[in-house]
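Novice: The chain contents come next:
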Amino acid sequence: MLPVASRLRFSSGDGMMQSAERSKVQAICDRFYGGGRLTFQDGIDLFHHANLLELSQMADTVRRRKHADPVVTYIVSRNINYTNVCWVRCSFCAFYRPPGSEEGYVLPKEVLFRKIEEMKAAGGIEILIQGGLNPKLKIEYFEDLFRSIKERYGVHIHGLSVSEILYIAHLSHLTVEETIRRLRASGLDTIPGAGGEILSDEVRKVIAPLKDTTDEWLGVMRVAHGLGMRTTATMMYGSVDRIEHRIEHLLRVRDLQDQTGGFTAFIAWNYQPVGTELRGAKTTGFEYLKMTALSRILLDNVDNIQASWVTQGAEIAQLSLRYGANDFGSTMFEENVVRAAGATFCMDETELQRQIRDAGYEPRRRNTYYQHVN
Amino acid sequence: MDTITARIPGDLADLAAAVAAGEHLDREACLRLWRTNDLTSLGVLANGVRERLHGDRAVFRGELRVKGANELEGALASVREAAPGELFLEGDDLPRLVQRAREVRPNLRPRVRCTAAEELPRLHDAGVRHLVGPAEHGWIEAAARLGFRAELTWSVPTGDAADTLLELRRLSDTWPIIDCVTPAIAPLEIADVTGYNQLRAIAVARLCLGRIPHIRGAVQVLGESVMQVAQWYGADDAGGVSLVTGGQPGLERVRELLRAAGREPAEVLIG
Chain A
344 MLPVASRLRF
354 SSGDGMMQSA
364 ERSKVQAICD
374 RFYGGGRLTF
384 QDGIDLFHHA
394 NLLELSQMAD
404 TVRRRKHADP
414 VVTYIVSRNI
424 NYTNVCWVRC
434 SFCAFYRPPG
444 SEEGYVLPKE
454 VLFRKIEEMK
464 AAGGIEILIQ
474 GGLNPKLKIE
484 YFEDLFRSIK
494 ERYGVHIHGL
504 SVSEILYIAH
514 LSHLTVEETI
524 RRLRASGLDT
534 IPGAGGEILS
544 DEVRKVIAPL
554 KDTTDEWLGV
564 MRVAHGLGMR
574 TTATMMYGSV
584 DRIEHRIEHL
594 LRVRDLQDQT
604 GGFTAFIAWN
614 YQPVGTELRG
624 AKTTGFEYLK
634 MTALSRILLD
644 NVDNIQASWV
654 TQGAEIAQLS
664 LRYGANDFGS
674 TMFEENVVRA
684 AGATFCMDET
694 ELQRQIRDAG
704 YEPRRRNTYY
714 QHVN
Chain B
901 MDTITARIPG
911 DLADLAAAVA
921 AGEHLDREAC
931 LRLWRTNDLT
941 SLGVLANGVR
951 ERLHGDRAVF
961 RGELRVKGAN
971 ELEGALASVR
981 EAAPGELFLE
991 GDDLPRLVQR
1001 AREVRPNLRP
1011 RVRCTAAEEL
1021 PRLHDAGVRH
1031 LVGPAEHGWI
1041 EAAARLGFRA
1051 ELTWSVPTGD
1061 AADTLLELRR
1071 LSDTWPIIDC
1081 VTPAIAPLEI
1091 ADVTGYNQLR
1101 AIAVARLCLG
1111 RIPHIRGAVQ
1121 VLGESVMQVA
1131 QWYGADDAGG
1141 VSLVTGGQPG
1151 LERVRELLRA
1161 AGREPAEVLI
1171 G
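Line by line, the protein sequences are chains A and B.
For the first sequence, this note's numbering begins at 344 and goes up steadily by one.
For the second sequence, this note's numbering begins at 901 and goes up steadily by one.
Since the hints were made in silico from the structure, they are not lab data.
Hints may contain errors.
As the list claims (entries may be wrong) - Selected chain B positions facing chain A (in silico; Cβ < 8 Å):
1) Val-944
2) Ala-975
3) Gly-1095
4) Gln-1128
C-beta: ideal position from N, C-alpha, C; glycine also.
Build the full structure now, drawing on both the sequences and the hints.
Specialist: Printed below as a string of structure tokens:
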């Protein structure tokens, strides 16, 4: 817990103790409010010694610098998990089925098309299409799929993940750049930041030893950004990581963003342990608010921070709007991955708008590039 | 004024000095607090009062809840004989239930839900000294005259809340027996039980009810995460925690949650 001296006291006569920790936080705040950029050690010190309301004030300051209007955006889109077959066996995942499993699937095109039609009928403009590392699906499968989706429906395709792209490249004997060029030419518009987990190999070796390394993840994003594609970045914290790993993650994203400017948004959520091999406890919404605030404070070069109502529920997601989040994500028609690991929250567009208005913001639909569309 | 308070933006900044001085806020100030969208500044102001009164301490207590005679024997059997805590009783014929409970589990201290003043003498005779109930039923004066202590539930209204809060304050100033107020948003009456509204009600209650010692953000109502956050928006009390074996969350879990929220957990007993 925080040392007593680190708490705010209401008046100077009330014995505000100038401990070393308090002085550190004060110095960080002075630098922050003076427009300075915060360091790795600053992130660690804020997590341990700043109080919740200080983090809220700082995060809200960055949010208002970037988004002066009291608007919270969201997108009407649909998650489509084209396959659940995956050989990587990440210990934090409850969604995958290994190759050969009777429960493995690849969605037939007509099922996938029906899902898109349902989404379009509800005013949706984007599909988020992700699956697993399925050894049977080479680049031709994706080229055909994306082309046919574009031809029929013209929706925005926000799809795949770094792991899937690396695996498609490997299976198809292509470089990462060739792979992304071909996928893009066939209709892939943007790439979600899924699979970022924690960008520290010390953690990745434990929770996903067969998955891409930190440098590989960042390398694929760098290539995509270099080709002019926009992507998001994510973080899944709270499995075996320490705060040092999380701050390292944020700063690796910030460094790449300094170089490419390709990330549209950052989304953090906590590890959902139900049904996973890794098991363990779930961190609380209190910690989520702290992590959202730290993300907003440290990622001064990423425009948007998305709230994760799917993992946190409406109450904490709504409160995160005061901890740096300016986007409420997607009105999901379905979500299968974190739901498999115990996240059971559900919200339709009306409820999502109500949550945003109730917190004092105007809800606005957006596209994948975070431009308002209504 | 500390730096976090100094950063409160213009429309609430002038209230900081009055809050810090412990003054009774007037109706207009209460309305401004209620109507603001700036939940962070509300939190900063409310937390200032909370820490001035309680520092880092956050209280909770073991509790056995019993609704009516049918539940009594089973409930009493569900807790360890020596377990200290509070027996929260509601329903009919409460004096008899209190007597029976005291025979079987003398370590449990009774608190009863009171809705009518005429019940009070019999409850007093049965040894009850602690009541809980809504402020509206006019029992506070009778309770004060008989020497009871009381906790109030504040039914948060749909519109502006200042008037009902100021009425609570007037009641407390006249009959200073009120130890704790629990803001209660009734989900059936108001379709907006949100994280935001729950924290706003707690913060504004803390700010407008400066002389009532405790504001409750109950873990059983708010859930674990919002309860933790509420301890920074004016609440200093996490409420009752089930003593029943296997009850969720248990006492140890609540201690852990409060520590993780940067507070010092303290299990307390009434009376």
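Novice: Next, verify each hint and record whether it holds.
Specialist: Hints versus structure:
1. The beta carbon of B/Val-944 is positioned within 8 Å of a beta carbon in chain A (closest approach about 5 Å), and the interface hint is therefore held.
2. Annotation: B/Ala-975 was flagged as interfacial toward chain A, and the flag is violated, the nearest CB pair being 29 Å apart, outside 8 Å.
3. Given hint, B/Gly-1095 at the interface with chain A, holds; its Cβ is 3 Å from that chain's nearest Cβ, closer than 8 Å.
4. Because the smallest distance between the Cβ of B/Gln-1128 and any Cβ of chain A comes to about 4 Å, under 8 Å, the interface hint for this residue holds.
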